[in-house]
Structure formats: C-alpha cells, structure tokens
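Each of the two chains sits in its own frame; use the hints to bring them together as a complex.
If you read the protein sequences in the order shown, they are chains A and B.
Residue 415 is where the first sequence ends in numbering that gives the first Met the number 0, and the numbering goes up by one at each step.
Residue 265 is where the second sequence ends in numbering that gives the first Met the number 0, and the numbering goes up by one at each step.
What the hints contain is simulated information worked out from the structure, not anything from laboratory work.
Because the structure is a prediction, the values reported are computed rather than measured.
It is possible that part of the hints are untrue.
Some but not every residue of chain B turned toward chain A, in silico, with C-beta under 8 Å [claimed, not checked]: (1) 56; (2) 81; (3) 82; (4) 94; (5) 100; (6) 102; (7) 104; (8) 113; (9) 116; (10) 207; (11) 237.
We put the CB at the ideal spot given by N, CA and C, even for glycine.
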Amino acid sequence: MNPVEVFSTALHALLLNKLRSGLTMLGIIIGIAAVVSMVSIGRGIGDYINQQFSDLGATRLQISSQAPTSGFTTRITPLTSATAAALANPVNIPSLALVAPEYNLSSTVRAGGRGIGMNVIGVTPAYTEAYSWQTQPGSAFITQADVENTARVAVLGTSTVKRLFGSESFNPVGLQIDIDDLSFTVVGVMNRRSSALGFDPNNAVLVPISTAQTRLDNARERGGSLRVSLITVLARDKDAVAAASREIRTYLRSAHGITDPANEDFAIYNEAQQLRSLNQISSLLTLFLGVIGAISLVVGGIGILNIMLVSVTERTREIGLRKALGATREAILSQFLIESILLCVIGGGVGILLSYGIVALGNQLAPNFGLSVRLSLAVDTLILATGVSSAIGILFGLYPSNRAARMRPIEALRFE
Amino acid sequence: MSEQPTTPVIDIHGITRSYTMGDETLHVLKGIDLQIHPGEFLAIMGPSGSGKSTLMNILGCLDQPSSGEYYLDGADVSKVSERDLAKIRNRKIGFVFQNYNLLKRTTALKQVELPLVYAGVGNRTPRAQAALAAVGLEQRMDHLPTELSGGQQQRVAIARALVTEPSIIMADEATGNLDSRSGQEVLGIFQRLNQERGITIIFITHDPWTARHTRRLVMLRDGKVVADSPIENPLDAATSQRPSEAEELESIFQTTYYGGKKEEYA
Chain A
0 MNPVEVFSTA LHALLLNKLR SGLTMLGIII GIAAVVSMVS IGRGIGDYIN QQFSDLGATR
60 LQISSQAPTS GFTTRITPLT SATAAALANP VNIPSLALVA PEYNLSSTVR AGGRGIGMNV
120 IGVTPAYTEA YSWQTQPGSA FITQADVENT ARVAVLGTST VKRLFGSESF NPVGLQIDID
180 DLSFTVVGVM NRRSSALGFD PNNAVLVPIS TAQTRLDNAR ERGGSLRVSL ITVLARDKDA
240 VAAASREIRT YLRSAHGITD PANEDFAIYN EAQQLRSLNQ ISSLLTLFLG VIGAISLVVG
300 GIGILNIMLV SVTERTREIG LRKALGATRE AILSQFLIES ILLCVIGGGV GILLSYGIVA
360 LGNQLAPNFG LSVRLSLAVD TLILATGVSS AIGILFGLYP SNRAARMRPI EALRFE
Chain B
0 MSEQPTTPVI DIHGITRSYT MGDETLHVLK GIDLQIHPGE FLAIMGPSGS GKSTLMNILG
60 CLDQPSSGEY YLDGADVSKV SERDLAKIRN RKIGFVFQNY NLLKRTTALK QVELPLVYAG
120 VGNRTPRAQA ALAAVGLEQR MDHLPTELSG GQQQRVAIAR ALVTEPSIIM ADEATGNLDS
180 RSGQEVLGIF QRLNQERGIT IIFITHDPWT ARHTRRLVML RDGKVVADSP IENPLDAATS
240 QRPSEAEELE SIFQTTYYGG KKEEYA
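With the rest of the complex left out, here is chain B (with noise of 0.2 Å):
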C-alpha cells in the first residue's frame, strides 16, 4: 500500500438511503462518505442493522440512495438509468454472496457462463473454463451444484463473479456458510485475485477473523461510518489458523464464568 492512484474506483459523498414503511421513514444510511482505490481489499463490518447490507447493495449498483452522489470509475451512477445499472452490474462488479446463489441443475460451467451470456459474448466457453480453473475447479466443470461442497460452490460462485474481468468484486458474507477449512480457501482465493490481479475486493462481514485478512477496515454503526483504518498485519489465509473453539473459550473464560466444568468444552 505504498502509493494510491488518484482516482478512486469507489467514490461516494453523503450517501443517504431511507425506507418508508407505513407512515414510518426508516433511515438507514445517514450520510456516508468513503473512497476505495483500485486494488483495495477492504471489509466492512458492523452489527445487525448498521447499515452494512444497504451500503453493499448501493455500491453493488443494486440500490440507489435516496440522496448523495456515487463515482464509480469516475463515473456519476447515483442517476443513471434502471437498464444502464444492470450493465455496470454485468461488466464493473462481481458478486459472491453468503447463500452462493447458483442456479438448481445447471453445470458448473454453465453457471459461469452466465454474466457473459448477459454481457451478450459468444465465446464463452473458453473464458468461463479459464474463470473456473482460477478458483481451482478444472475438474468440476460439469458438476452440478448438489454435486459440489459448500466450498466448491462457493469457488463457482467466485468463478462467476470473475469472469466478466470486473473491477470490483462485492462478497456478502461470502464465507458465513462454510466450515471453518473452506472458509480459509475461499479466502485464500480472494486475496490471491486481489493481490495477483488487483482486483478492488470489498467484504462484508461481521467475523473479526475474517476481516483481519483483509487490509482495511471499515465499521458502521447505526447507518454512519464510526472507524476506517488499515489493517496492521493482515493475516495470510494460506497460513493463518483459526483460534479453536476451545481457544475462543478459554479467553472467554478469564473473565466470564458460564458454569460447569471448564474440562467439558475442551
């Protein structure tokens, strides 16, 4: 992180985002400002009901704000049309979400396919099996996604996401759903696309463990940014090992007696 371009890929200033339920307007984002560089890895974390999801999907271009302006690439998107933001969605961004998203009976291959078919490419063949083998599922292309592990699915998620070369790619929770191994790969994949490709990487999270490999760090509280720092030392996922249950516990218990025995949660 020794020098930063000028332009920053994400651009945004004053962000407001409210939602009218009933005769109740409910604000959720009250004026966000924040600026990510091209081939930031950067996660945002905060509570329940931070904000944190509807500041993803207004810079996942699948929301608008209610008020503030958006620069994405340089670019005012705050205003553009229904149809001009499918297409920023389809070449700018990738997204990886918590639950996968992959369509039921289709192949691995065709699953990647499909943000190209959108795009409207005619040879897509080629780039999804480049995309799948970037994730390290060469072997998997005509699987099914009842054929793949969560972590498998996941990759082909990833591999979705990647193929349209985008500049950023959004990942909501994309490890919540996996055991703690895959979840470790699947970062590993990420900060391998980030650190060998330079793709801006934007992670939404609410595991600590997961942010610290990431190299910024952004908290929201009650829809505004409350922290914004880098990460000192962030962890490698290749090496780092996750604190066991156990572990976790016995910090815990230093301080904090649940009853019982303390041999029984070892």
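With the rest of the complex left out, here is chain A (with noise of 0.2 Å):
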C-alpha cells in the first residue's frame, strides 16, 4: 500500500464523519490559535515597550532633585542652570554630547475665550535634541536668542493645538496666547508624537526656560542662580551612559558637598536599565501566555486520542474486514496513524489562520483602545505549533492506531 492510498484512504474516513472530525480539530484549532496569538500578543507588548522607550532614546538620563534616602538631612541643594551648565563643561563631564535643563510649572493658558489649565515647560534649543523631537516643517523652535531675552514666545503640542483651537490640523503660528495673563507668540508646533504609556507628550506648552524661570514663576535661588525642575543629558553613545551616569554622580556629590551616598539629594534616571526589566516583565508575560496556549493544545491532543479511541472500537468491524481482505498490521496502522495527524495538521493549519485572524483584528481594534501596538504573527511559534500539532497526531494517534493494528480479524469481524 502505498503512501498516497494510505493518506486518501484517511481522508475518505475523515470526511464519512465531517462533524466528529471537525469537532475533533477544534480542539486543536483553539489550542494552535492560543500558543500562536498569545505568543504574538506578548511578544506585541514587549515590542511596544521597546519601541515606547527607544523613542525616548537609549542614551539618555535625565537627573532630577530628590529627597535623600537617609531622611536625616533635610537640606537639598536645588539643581540650577549653572548646575547645567557645569555638567555641560567636558572637563567635568566628559561622557556627555547634550545637556537640555527644563523648567516646569503649571499655568492657565488662554487662547481667545478658552482658558485651560497646563504644564508649561522652560526649554532650551537643545531640547528638541535630548528628546528627538522636531517641530513641523516651517515651524520655528525656541532659539538661543529667545533664551537669552527672555522672549514671550512658545512652542505648542498638537494636542495643545486642538485643545485651544479646536483642530490639531489648525496652524495658531503667529497668533496671541496667553500665559497666565502674559501674551506670548506662538511661533511653531511640534510634530505629533506617539503617546508613551498613557502620557500625551503632544500636550505641551513650551516656551524658553528663562521665560519661565522669571516671568511665570520665580526660580531664583538665593545665590541668584535659577532653579531648574529637570536636566536632561544625552551621552556620547551607548557605551558611555554608564560612565556619564558615574561621572555626573561624582560631579554633583561633590557639588553639592555629599560624601555619605544616603544623603544624596538628586536622582539619575536611566531608561535603557528601565527598559530592561520591562522586557524581562514582558518575556515573563509571553512565557506566561505561551504555557496558557501550550495547556489548551495539550488538551486538545487528548481530545484527539479520545476521538481515535472511539474510532476504532466504533470501526472494529471494518478493521476486521480489512485485514481479511489483506491489510497487513502496518496498513492499519498508518491508516489510523495518518487520520490522527490528518487532524491535527489541518486543524493546526485552521488554528494558524485563526490566529492570524486574531492578530489582525488585535491590529484593527488596538487604536480604538489608545494604543499604538503593532502585532506580527510570530513566525517561529507557528513553525513550532506546526511542528507540535504534527508530533500531537503521532503521539495522541499511536496507541489508538496501535490497537486497531494489533486486532486479531476474527474477534475484529465478530465485534458487535
């Protein structure tokens, strides 16, 4: 018997009982659809992490004032603009290529009747940098110049846009707003942003630090340096945040006059090791989403062994008149071997297409929800459920194919 009447007489037996075959494969259509979608759903998630904070940029940190832990000093020297301008010297830092200090504070902002409560952020030109974030085409930024003259211009999000005007496609360049009674001009708009983590950054006011520092607020220090709520600082590359993160530590310690590390009264951020225990999280959730998928697969491998089981006693007869008509053990049981794998490859190939469907209608549905999650099929685990769906068929098919093989015809021809 060769291998193409073995596998059409398989055939032929699955579609004599379309519903219990179908049935049967549905198990292992939910369990293949599982693995392979809950896989591509974690592994979506972890690419969407990925993607949020290397948009934030790998290199950079970002140094803020913080209690220290130690509790018993109270006195926190402030970081200031000279303290940017310090880190900014190379003799002090020289790990670093961009220093970008930010001033914020909350303001009403006003544009015709609206007035809405915002944060507005004191930025410098090199903000744009630090973040890689541009303005429109035709848009100006914030320029050394208006640094340097406090000028009442700003820089606005697209979501700022719309709020203020009605429409993010508006263009407000040229026009009045007012800034906690002051008027400034707006001079430009940002390029729209992908939201990181349920954080609109396109909900931004800027104007130049020194704007904010004097004539929205007073951040004036007692030693007539200007406080700042934020440094960002970008290292030369990958390799150099952990010097730049040792030398700016070093640097302000001393500073700031520190020598026990529980008193320190700043903090460095580093979002490539945040990034990193993200991703650990989320190897831990495909994992975790993967074994889910793996249990319902498992399940429906022994559905598939159930089902051959009662094939073959309820087909004892027909596997009896076989063999008196001259199948050997092995044409029995590669008949019985290949229906079981039959079924699980087919159902496997519907549990792909299921899944496929799945991730699609993820990708449909994901920006309703607010979230920008790109999902791609994951090609590997298809190629594993494939493989398992197939290794299922023998394995869950073996003994009930065994069996029937192994039927003696008389008793076979005799079951009733």
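If you want it as structure tokens, here you go:
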C-alpha cells in the first residue's frame, strides 16, 4: 500500500464523519490559535514597550532633585541653570554630548476665550535633540536668542493646538496666546509624537526656560542662580551611558558637598535600565501566555486521543474486514496514524489562520484603545506549533492506531 | 467430478483449536483432517457450537490452529508470520460474509477495489469493473451500499472476493440474511463461478437447502468431522424451487400437531 493510498483512505474516513472530525479538530484549532496568538500578543506588547523606550532614547539620562534616602538631612541643594552649565562643561563630565535643562510649571493657558490649566515647560534649544522631537516643517523652535532675551514666544504640541483652537490641523503660528495673563506669540508647532504609556506628550506648551523661570515664576535662588526642574542629558553613545552616570554622580556629590551616598539629594534615571526590567516582564508575560496556549494544545491532543479510541472501537468490524481482505498490521497502523495526523495538521492549519485573524483583529482594534501596538504573527511559534500539532497527532494517535493494528481479524469481524 | 488433481488446495491434518477462558480451556476443534481439491464446491454444516466458524477462520487464515498441519496449495501455513497470513488472505482467499461487511458510504466500485489496494495493484478500475460485471452489477458501480438491496450488496461482496482471482472463496452463511429469491441468485453466482472459473468454494451454512446446491457435504459436531460425503444430484440454483413455508409445514404436520387449524398456516 503506497503512501498516496494510505493518505486518501485516511482522508476518506475523516470525510465520512465530518462533524466528528470537525469537533476533534476544534481542540487543536483552539490550541494552536491560543499558542500562536498569545505569543504574538505577548511579543507585540514587548515590542511596544521597546519602541516606546527607544523613542525616548537609549543614551538619555535624567537628573532631578530628590529627598535623601537617609532622611536625616532635609537640606537639598537645588539643581540650577548653573548646574546645567557645569554639566555641559566637558572638563567636568567628559562623557556627555548634550545637556538640556527644563523648568516645569502649571499655568493657565488662554487663546481667545478658552482658558486651560496646563503644564508649561521652559526649555532650551537643546530640547529637540534631547528628546528627538522636531517641530513641524515650516515651524520655528525656541532659539538661544529667545532664552537670552526671555522672549515671550511659545511652541505648542498638537494636542494643545486642538484644545486651544479646536482642530489639530489648525495653524496657530503668529497668533497670540496668554499664559498666566502674559501674552506670548506662537512661533511653532511640534510634530505629533506617539503617546507613551498613557501619557500624551503632545499636550505641551514650550517656552524659553528663562521666561518660565523669571516671568512666569520666580525660580531665583538666594545665590542668584535659577532653579531647574529636570536636566536631561545625552551620553556620547550607548556605551558611554554608564560612565556618564558615574561622572555626573561624582560631580554632583562634590558640588553638593555630599560624602554619604544615603544623603544624595539628586536622582539619575537611566531609561535603558528601566527598559531592561520591562523587557524581562514582557518576556515573562509571553512565556505565561504561551504556557496557557500550550495547555489548551495538550487538552486538544487528549481530545484527539479520545476520539481516535472511540473511532477504533466503532470501526472494529471495518478493521477486521480490511484485515480479512489482506491489510497488514502496518497498513492499518498507518491508516489510523495518518488519520490522526491529518486531524492535527488540518486543525493546526486552521488554527494558524485563526491566529492570523486574531492578530489582524488586534491590530484593527488596538488604536481604538489608544494603543499603538503593532502585532505581528510569531512565525517561529507558528512553525513550532505546526511541528507540535503533527507531534501530537503522532503521539496521541499512536496508541489507538496500534490498538487497531493489533486486532485479530476474526474477533474484529465478530465485534458487535 | 471424474478426475481429481493430485495436490489438494487445502490439506489439513489433526487441526485443533482451543481457547483459554479464565481458568478453563475450551477445545473447539478436536483434531480435524480434511482434503479439499481445486474446483470443489463443498458445504460445511453443523449445529451452533460445532466449530464450523472456527474451522472456517483457520481455513481462511484469519486464525491459526493450536496444533496440526495446514497446507494451502502445498505450502505449510500453520506457522507463518502474521504479515504473510495477510498476504495469503489477500491473494489466495476471498471472503463473503453473512452481513456483507461493506464499507459504509463507499461506492461499489471502491469496495471491490479495496483488496487490490492492499495487493498494491496499480490500475485497479478495469479489474474491479470486470468483477462487478461478473456478478451482474455493471449498472450499479457508483452506488453506495444504502442504495443497493441486500442481494445486490452481497453480490458486491462476492465481486470483492473475486477481484484478486483467489483460488478459494469462503462464504460464511452468505445467504443467511437474504430473502429466498436473492439467496437463489447468490447461490447461482457461486455455482457459476465454481463451474466456469473452477474456483474452489467453501460454503459454511446450517441451511440444508443451501447445502444441497453444493457437491460435497462435511458435517461437524463437537469439533469433529462426523460425516463427509458427496452430494447426490446437487440442485441447480437457476431451476431449483425452495419449498414454501406451507409445504415445509405440511411435511411437519404429518407427524407433529402444533395446535390450531391447519388452514391457518396455508
């Protein structure tokens, strides 16, 4: 009996019991779809997190003031424009490429009749590079001259434009807005940026840092220097991040007169580090989802075993007849085995199509929930799942098939 | 039955078959000797439990004897492997069963092709068509079992037994499920195959009427051959008329009174 005969015999037998074959396949379909789509979703979330953080930049460090962990010292030396200038000096910190201080405050922003409470960020021209965030074509950004002249100019994010003027596509350049009753000229609009972890960066009003520090607020310290909220720095390259962090810590400790690490009054955030821990979480999530899928796959396999056993019992007489007509043990064994493998492989194929559908549906629906997740079918998992479903077919088909093959023809023929 | 070839197609000596059921051993066949020559048409009769089915299973290589020798076409088959038994069943023996044993939802043509599939024959359709034509079913090749009468189904089964051109056809109560007209037809086909093609036919039956259409009768009782003789003037299925129920009862009523009026059985 050649393989084509075995195959067509098995296919014929499956088609004779369409409903039963279909229901049996359902187990495998769900199993494969679960594994492939779960892993795809897990990976999609992982990719999303990665992408969010690569948007933020891998060479970036953020320095802010922080209460000392020791709790004994309440004195905090604030971060100032002078600190930023000192960090920018390569003699102090050789590993840095860029320093971008900012000063944040809450203000009421008004355009026409609408007044909206907003975070206003005082920035320097370095801001665009520090956050890899550019203005729209034809828009200006805050210049060094604006900072030096404490100019009343503002650059808006797209969401701010929408909130103030009703439409994101509205061009407000040249118009006047009021920030805390001071009149500002809008000089530019930022590109739209993907929202990161539920926080919309487009909801921004950017002004020169000096204007924020002196005209919108009074950030002057007793020594005469101006406080900053955050200093964002870029290391020269990815490999310099750790060195930069070390150098900044050493410099700030000596500048703030700190000897005990517990008394440190600043914090250095390394986004690359956070990325790593988030990556671990997402791999764990993928693994977890994959295991859930794998369990349903095993359940599907047991379904195949069950049905094949029923089928062998039900077709005992047929097996007896085939043997009487000259079927060898091997012929019966391969017929039942191929039946079970066919169930699994067809089921697996449908499962893969289904998971493809789930992934496509996920991609359709994700924007509705404000997620820019991009799911892609986990191809390696798909190949693995196909292999697994064939293996399940063989594994769970072997016992019933062997039982069928070993039947004695007379007993099988007499079976009622 | 004038001359007989020297080599019997079936030659068994001292065949026994016992089954172990729990602690008890059941001796079904207690030493059977039988020679069947090519072209013979014999009936094996016996009451239930006489071992006739067990004997047929052994003769048909569906089962192996507990002891004894079995030469099929001169070759000892009492000790061959299961794999070789399958080959023998496929090439040398055709089976016809009481309940037809057709595959469900499979056309007549495909049913008949099945033994050829296991024989590894490539161009099967012409041979299957020829076998179906030989049993008069050339018009029914694409019919499913459910679309065929009992007699037609049994003829498909005969075609299936015939298609590998076996030297022996074993029929186990092959007319047992058929009405008398279909039974006659099937008997006729067997007689024709025996006469025209010289196929050895072994008919297992407990119906004396059916047995009278064969040419030799072997009686079994309690696992032993108790009678083995040629049948004088075998009936021809084309012309024989099975006595009606009434006629059979008539002969019974001469000796036995069952109660009621005789007219009620007419």
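Against the structure, the hints come out as follows:
1. 56: This hint holds: residue 56/B lies near chain A, its Cβ roughly 5 Å from the closest one there, short of 8 Å.
2. 81: 6 Å, holds
3. 82: 5 Å, holds
4. 94: 5 Å, holds
5. 100: OK, holds: residue 100/B within 8 Å of chain A, min 5 Å.
6. 102: 6 Å, holds
7. 104: 5 Å, holds
8. 113: 6 Å, holds
9. 116: Hint holds; residue 116/B Cβ to chain A Cβ min 5 Å, cut 8 Å.
10. 207: With a closest approach of 25 Å, the residue 207/B hint is violated.
11. 237: Result: violated, 29 Å to nearest chain A Cβ.
Against the hints set out earlier in the document, violations occur for numbers 10, 11.
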